[in-house]
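Trainee: Residue numbers (my numbering), protein chains in the order written: chain A, 527 to 640; chain B, 40 to 155.
FYI, nobody ran anything at the bench for these hints, they're computed from the structure.
Please read these numbers as outputs of a predicted model, since none were measured by experiment.
A portion of the hints provided could be inaccurate.
Restraint-style ranges between C-beta atoms, simulated for each label pair [to be verified]: (1) A:Lys597 - B:Phe51: 26 to 32 Å; (2) B:Arg102 - A:Glu554: 24 to 30 Å; (3) B:Gln108 - A:Glu609: 20 to 26 Å; (4) B:Thr152 - A:Glu594: 28 to 34 Å; (5) B:Phe51 - A:Glu594: 24 to 30 Å; (6) B:Pro155 - A:Asp589: 48 to 54 Å.
The beta carbon of each residue, even a glycine, is placed where N, CA and C say it ideally should be.
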Amino acid sequence: DTGVSQDPRHKITKRGQNVTFRCDPISEHNRLYWYRQTLGQGPEFLTYFQNEAQLEKSRLLSDRFSAERPKGSFSTLEIQRTEQGDSAMYLCASSVTGYNRGYTFGSGTRLTVV
Amino acid sequence: AQKITQTQPGMFVQEKEAVTLDCTYDTSDQSYGLFWYKQPSSGEMIFLIYQGSYDEQNATEGRYSLNFQKARKSANLVISASQLGDSAMYFCAMREANTNAGKSTFGDGTTLTVKP
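Required output: the full structure, derived from the provided sequences and hints.
Mentor: Shown next, in the form of C-alpha cells:
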C-alpha cells in the first residue's frame, strides 16, 4: 500500500470558481478525515467518514463545502464559489476505527484562490 | 470543547541532546487520548505517539516518550538523542476516547530545529 494519496497537489483557481479535491485512503482503513491547515496553524477539522457515512461535519464549515465518500473508498471534497479565505492546505487522513488510532495523512492539496 | 496549547513557537536543540516540547490541554471529557505528530518541511504529517488518559504509564516509542501529567493537563513530548532528521514541526492533538469519536483537535505546533 502506498499510503494516503491526494490529488491534485496544487490548485490555483479564480475567486468564484468551484474546485474538487480527491483523496484515496489506505485500503484497509474504514475512516477518512478532511482537515484544513493555514500557514502557522495546526490542522482544523472539517469532516470525517466511517465507510460511506459522513459522521461529523464541522459547524465552522459553510454550506459551500461538501464531501462525499460514495463507496466507502475514495473521497472528494468540493468547494463551491471559492473565496480568498479558502486558500489553505487541505489534508486528508485515514485510520481504522479506534480512539487510540493515530491518523495516516496524505501530502495535502494546496489551494490558492486568486 | 477541547483546546490544545503549544506555547513554544520554535525550539532549538543540539544534535544528540534531548528536547522537551510542551503541550497543555483543556477538555471536559472524562476519557480522552493525546497524540503527537511530526510534520517535516515536505508537508506530510506522521503519527508519533499516543497516550490514553487512563494509562498509568507514560507512553514510549523508540526515542519518543510522552511525559503525561494528568493533574496539570500536560502531555509533553520528549525526544531523546536528537538527530538532524528530527527538524520539523510538531503538533500535539487530542481526541475523545469514544469509539465513534473521529474529530481530533490540534495545537498550533512547535518548530524544532536540530543543530549539528
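Trainee: Please list, smallest to largest, the hint numbers that this structure does not respect.
Mentor: 1, 3, 4 and 5
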